[in-house]
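A.B. asks: Below, each chain spelled out in residue letters.
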Amino acid sequence: MFKKVLVANRSEIAVRLLRACREMGITSVAVYSDVDRDALHVRYADEAYPIGPAPARESYLNIDRIIEVAKKAGCDAIHPGYGFLAENAEFAARCEEEGIVFIGPPKEAIVSMGSKTVARQTAQKAGAPVIPGTLEPLTDEGIMAKAREMGYPVMLKAVSGGGGKGMRLVKSEEEMASAIRMARSEAKSAFNDDSLYLEKYIENPRHVEMQILVDRDGNGIYLGERECSIQRRHQKVIEEAPSVLVDEDLRQRMGEAALKVAREAGYYSAGTVEFLMDKDRNFYFLEVNTRLQVEHPVTELVTGIDIVKEMIKIAAGAPLSIAQEDVKMKGHAIECRIYAEDPYNNFLPSPGTVWGLRLPGGPGVRVDIGVFERAVVPMEYDPIIGKLIVWGKDRREAVERTRRALSEFVVKGIKTTIPFHERVMENPLFLEGNFDTTFIDTVFRKMEEAREPRYLDVALATAAVHLYLEEMAPKREAPAARGRAISPWKLYGRRLQMRTGLC
Amino acid sequence: MAYVANIAGVDGELKVEVKPLGGDLYQVVIDGERDLVVDVRRHGCCVYSVLNQGRSYEVDVDERPDGGYSVLVQGEHYHIDLVDEMKKKLLSILGEEMGAGTGEVTTAMPGKVVRVLVSEGDQVKKDQPLVILEAMKMENEFKAPCDGVVKSIKVKEGDTVEANAVLVVLEPSE
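Sequences listed follow chains X and C, in order. Using our numbering, you'd call the opening residue of the first sequence number 1 and step up by one each time. Using our numbering, you'd call the opening residue of the second sequence number 504 and step up by one each time.
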């Protein structure tokens with residue numbers, strides 16, 4: 001087993017990985033950028049070293065610097081987490097050259113699965129159902145001709161795509177020229193590769209993915225599916241396991257398809273094979289995520305398997321210690337991603353200082369978090385600040401418990417997606433399990449707009465009493481600067497500033 | 504004491520009267536008709552335990568940077584602007600003297616200026632993008648709120664700006 005592991009990441013996922021190291025008795029090394037000196041992962045690790053200025057490309061993406069730290073500290077392995085260098089084949093190759101183990105898949109699999117068209121070819125060779133479309137990148141004319149042949153609507157996608165970038169739903173030929181232009185430009189700036197391909201659009205698709213573990217000898221197991229259809233900007237916000245659509249038979253077929261794709265790609269480590277599912281429960285290969293996923297904890301809660309520890313053991317060369325028949329999904333788990341975003345303002349980023357934090361607890365509740373009271377959420381990185389993961393004996397208990405835990409979860413100073421999650425957990429369609437990837441943008445928004453507030457009078461009464469108390473005791477020093485009463489002049493100044501965009 | 508409240512998502516102003524009944528008890532009358540007696544205990548700067556007809560609520564009242572209150576009750580959030588009735592009168596007089604509307608385009612979020620798309624003196628149309636700001640790996644366009652001329656630009660590419668910073672000042676056209 002490894003003696004010392006460097007965690008090349010930050011925030012909640014860095015803490016998650018450091019926790020696994022501590023449980024396994026592995027000395028852990030954190031790295032941090034200039035704005036992260038006070039971050040939680042720095043405090044949690046056994047050792048911590050600076051790697052450069054705030055912008056990610058000068059710190060968390062700085063391969064030379066991270067390798068240098070790993071060598072100086074005497075690390076025998078590096079875990080990249082998700083994001084940053086997790087799916088960077090150059091980094092995996094550098095680790096290998098330097099004699100440091102990259103805790104993840106082989107670099108060849110990162111390259112082949114990173115190209116969506118090569119991944120589609122691989123899946124087809126493995127005999128997995130693939131969404132109808134092209135297996136090669138296309139020219140503009142090629143796209144036009146192929147789309148006409150397939151029939152609209154179609155999905156236009158970037159070959160190097162990910163995170164919803166360079167992706168367009170095109171409903172008619174009139175929209176195609178501008179869609180190609182925008183998708184190419186987005187793909188060029190995001191991935192430095194503007195090649196595109198086409199897929200048939202699956203109506204009301206649900207996103208269902210399969211977690212796999214494969215050891216270096218190629219022995220693999222599937223840990224069951226995760227349903228990740230609640231998305232905003234093509235990014236997941238709520239995940240659950242199991243999916244209400246998947247029964248044991250379908251699970252087995254999807255799991256075996258996922259393992260065949262992994263075998264064809266020469267994959268080992270933890271990984272996720274993503275599928276789209278139509279309303280008739282037909283599933284189609286979408287892509288392979290060659291990394292630990294944000295949502296891995298829901299699978300951990302229903303299977304009892306610590307995916308991070310298994311990933312580390314596989315990287316160290318250990319054979320898989322779990323047999324397929326020993327993998328059982330028990331109960332139901334739900335994850336809510338806590339983003340520093342304003343759900344009432346189109347999920348606009350909301351970085352800043354967390355000046356109040358109350359975490360939920362009690363039965364079945366797990367909180368993976370990267371912040372603490374007075375922590376600063378920098379604007380340079382991903383807006384995720386933590387995750388609430390809840391287990392219940394069935395879906396109903398899991399939802400009720402999630403709702404209860406969310407009501408205990410208070411983050412002040414920055415806006416978060418907590419109130420959004422609370423609303424979803426009360427949404428009748430979500431409760432029925434009746435939703436697809438368009439849920440937030442279509443039905444949810446409409447239902448929310450029509451909703452009456454429930455505690456308006458209590459809220460207003462308390463705010464009024466609060467102001468009354470402040471005004472009656474203006475000289476009393478409030479514990480925090482924020483509680484102080486404000487003069488009408490100051491208020492007026494603020495009002496002026498508030499008149500943004502008034503002409 | 505009488506206050507005037509504006510609540511995001513609720514039409515019109517609400518009048519709120521607070522009468523202390525001694526101890527922790529207050530009578531609150533909303534719009535002259537909804538009458539509540541609340542037992543209010545304050546914890547720390549801004550967490551309240553509120554009892555109303557035996558029902559218990561945990562309420563967070565936080566001052567927002569723009570001057571209003573952010574109120575959290577049982578997981579529901581309310582944005583409430585609350586002003587003393589007397590002060591409101593004073594403000595409205597002041598407001599008239601100072602003249603309303605400044606044509607300032609400001610940002611609600613901190614971020615980094617990726618691009619400035621206009622120059623001083625440019626004629627701009629309503630909804631024309633003026634500045635692109637990036638925060639947390641996401642780009643956001645700031646658009647002209649109305650037709651006008653760009654009077655001054657307060658930021659340049661590469662600048663880091665705080666929340667509520669002025670980006671561009673427009674001279675609205677008549």
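Careful, some of the hints might be misleading.
[Said to hold, decoys possible] Within a straight-line C-alpha distance of at most 25 Å, the following computed PhoX-like cross-link-like pairs (lysine-lysine) qualify:
(1) X:Lys165 / C:Lys654
(2) X:Lys188 / X:Lys171
(3) X:Lys412 / C:Lys640
(4) C:Lys629 / X:Lys412
(5) X:Lys309 / X:Lys4
(6) X:Lys309 / X:Lys330
(7) X:Lys171 / X:Lys412
(8) C:Lys646 / C:Lys629
(9) X:Lys200 / X:Lys71
(10) C:Lys654 / C:Lys640
(11) C:Lys654 / X:Lys188
(12) X:Lys236 / X:Lys72
(13) X:Lys279 / X:Lys309
(14) X:Lys279 / X:Lys71
(15) X:Lys171 / X:Lys125
(16) C:Lys591 / C:Lys615
(17) X:Lys313 / X:Lys3
(18) C:Lys654 / X:Lys236
(19) X:Lys313 / X:Lys107
(20) X:Lys165 / C:Lys615
(21) C:Lys646 / X:Lys165
(22) C:Lys592 / C:Lys615
(23) X:Lys188 / C:Lys629
(24) X:Lys72 / X:Lys330
If you're looking for bench data, these hints aren't it; they were derived computationally from the structure. Computed from a predicted structure; not experimentally measured.
A.B. asks: Which earlier hints turn out false for this structure, listed by number in ascending order?
C.D. replies: 1, 4, 7, 9, 10, 11, 12, 13, 14, 15, 16, 18, 22, 23 and 24
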